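Peer 1: Sequence:
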Amino acid sequence: PGNDLKVTKVDFLKSQNSVQHHTDAYDTTSLVVRRGQAFLLQLSLSRELRAADKLALHFSVGKHCAKRESPGHRSVPAKPCNVLGLFPGERPMKPMGTLMSLNPRSTKDLSGWHTTITKSSGTECLLSVTSAADATVGKYSLAVKTGSNIYKPENNTVYVLFNPWCEADAVFLTNEAERKEYVLNDTGYIYVGSAYSIHGRPWNFGQFEEFILEACMYLLDKSRLKMSSRRDPVVVSRAMSALVNANDDNGVMLGNWSGNYDSGTSPMAWIGSVAILQQYYKTKKPVSFGQCWVFSGVLTTVMRCLGIPARSVSNFNSAHDTDENLRVDVYLNEKGEKLKGMSVDSIWNFHVWNDVWMKRKDLPAGFDGWQAIDSTPQEQSQGIFQCGPCPLKAVRDGEVYLPYDSKFVYAEVNADQVYWCVKEENGKTKYIKLSVETQSIGTNISTKAVGQNRREDITRQYKFPEGSSEERSSMQRAISFLQPSRIVPRARFASAAVSMAEGLESVDGEAVVQKQAVRKTGVQLEITNEKPLCPGEPIEVAITVKSTAAGSWTVDLAGSCQLQSYTGKVEANLGYIKETVTLEGKSEVHVPLKIAPDAYMKALAAVEDEEHIHVTAIAEIQGTPEKLTKEVALSFEYPPIQVQMPETAKLNKDFSCAFIFKNKLNVPLDNCKLMVEGLGIFKMTTFEEGDVQPGRIIKSEVICTPTRAGEKKIVARLTSNQIKGISVEKAITITH
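Start counting the sequence shown at 1; every next residue gets the next number (full-length UniProt numbering).
Just so you know, the hints here were simulated from the structure itself, not pulled from any lab data. It cannot be assumed that every hint is accurate.
[Unchecked claim] Derived SDA-like pairs (lysine to any residue); straight-line CA-CA distance at most 25 Å:
id, residue 1, residue 2
1, 546, 572
2, 14, 58
3, 430, 620
4, 393, 340
5, 650, 637
6, 430, 575
7, 340, 578
8, 594, 637
[What the hints assert, rightly or not] Estimated spans, in silico, between C-beta atoms of each pair:
id, residue 1, residue 2, range
9, 150, 707, 54 to 64 Å
10, 20, 670, 46 to 56 Å
11, 709, 588, 56 to 66 Å
12, 54, 686, 29 to 39 Å
13, 454, 735, 32 to 42 Å
On a predicted model such as this, the values are computed, not experimentally measured, just so you know. Where is the CB? At the ideal position from N, CA and C, for every residue including glycine.
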């Protein structure tokens, strides 16, 4: 016994292993490795290793979640943990398949893990360990057994992640630049605004920051996925799309679109995922509040942290088609104003979800690659607010029967808009079909470009060019699975008599692809804003009626201006015009629509959401059945924030960073808050600036101490009652 072999120390060789595994940025004292790739362990022994000695490594996963919440919130015992015993030189034992043993001189065993002694000299022994390329992802603990002695290192945690660098892993990505962007980049942009006024909102994903990895492991445990399911990125990404919202499972973030965020943080104010996930991990309670870009930003963080390549994706003019009939009805009154609360469906100016990269071994061949997932709680899928993964190829090809949720995603990018005018005649409500718009939904689908700070348009990955033969056959295929209803208004209050409304096609229950009617008269509508929209200035818009063909036309025009949230919710009617114009031959007439600041500033400050100016025009051509509609969402433009700081700085050496903002608007900005964050430089800081009068300059300063080298970014966001968010970012290079 005095000569028993004992382990006196285990060195996890963290610095060299983590560089090899692309995990050196994680802010944790434990070793983080990626599956399917070798890592080294250095054992110090009580004496030299002999041929007859028995040495085994035990890796166990799962016992860390000893307390689980059951539906009744009782604590229930954990399921048995999986133990991987890696034995150089002992007979394999496999009770219940939880203990996998391996002889370094034999071939791989069924578990796919193996270990070899790479070097043994004196009392030092260097082992190489390779986990299976489909190993369970999670938090393992290590114990080393020598004979009857078991040694547990003080910090014996080893995190095992998905590995996009390993060809045998289901998340393998061939291109190094894409791996750097979609797995390792901890900053980026989320694209917001409206289809013709897109701007990138800087977002700190921060997947390597303190407690983020632990928070993701907590979410894996909370998902109640079996250990064997935690190896599959399809199952894991679907579970995370459910857990990032709080709806069914006390997940990370509480959604709120009410316009009142007093009891939490406004969705507009967040500049990244770090503060959200850290608060959630600390309190284990949902964080208030999020909207779609916040859910997407947090989900990108969780996916990249676990090692699944991910990107945030913005879809402009995004259809929320609740009954999957590929149609969204828009109800207007005779002024062209959108009527509140009439439609069960909606069109959002933009909606942000995620794409994740993986093989789909659960589907027929050909559907590997990008998959859409969405954690914004919109519709339930299998009884839970979750969405995806849905292959982009299935959406593009119209294969909408494939799991998961491909019908919903297909409708978001392909639905038709049907415009109805609601009129009161002789005490009866009449619905008149104005037009069908087949090409406006699902435009400018955007994500951050690989390795560059610019927008990349990925619409073609989701759909074929509008009007192409491929698009038509894809639509026909999708419709064969969807069977959309006939074109009758589906207003909440529409009565059965509505189907007699004028202007309806009879479609005999057959599924048809809506074709936009060809204009006989050649009359067209355009809406333009004469100058940039600035809060406190008049809104000046022109509606242009133009004729592109010979003939004389008299056109009844109605145009309205409304304040709307990005989800299409009408906050205020600001003004309208009604005019009759005459066109002779090829000509055009401009009709101005002007709104004074007093008409909208109060409404703008009353809601805490970022509002858009929504202009809708209806034209009816006298003497013909022809009717036209046109709508456009316009975004406000704001004065910039200036950032003053050096271009380079030294590691662990202080430098100062100043944020300067001048209120160039002619209205005061009430209740100004500035949130600033620099990953690897300083933690998120909030400055309460109070009310900022016109012309006044505010300056806020942060002393920064960089803790990580490389190209880093500082992000700032200013919110107030009148302006819901001005963002800025600035890069700095940190050197040793």
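Peer 1: If you check each hint against the structure, which ones fail?
Peer 2: The structure conflicts with hints 1, 4, 5, 9, 12 and 13, although it agrees with all the remaining ones.
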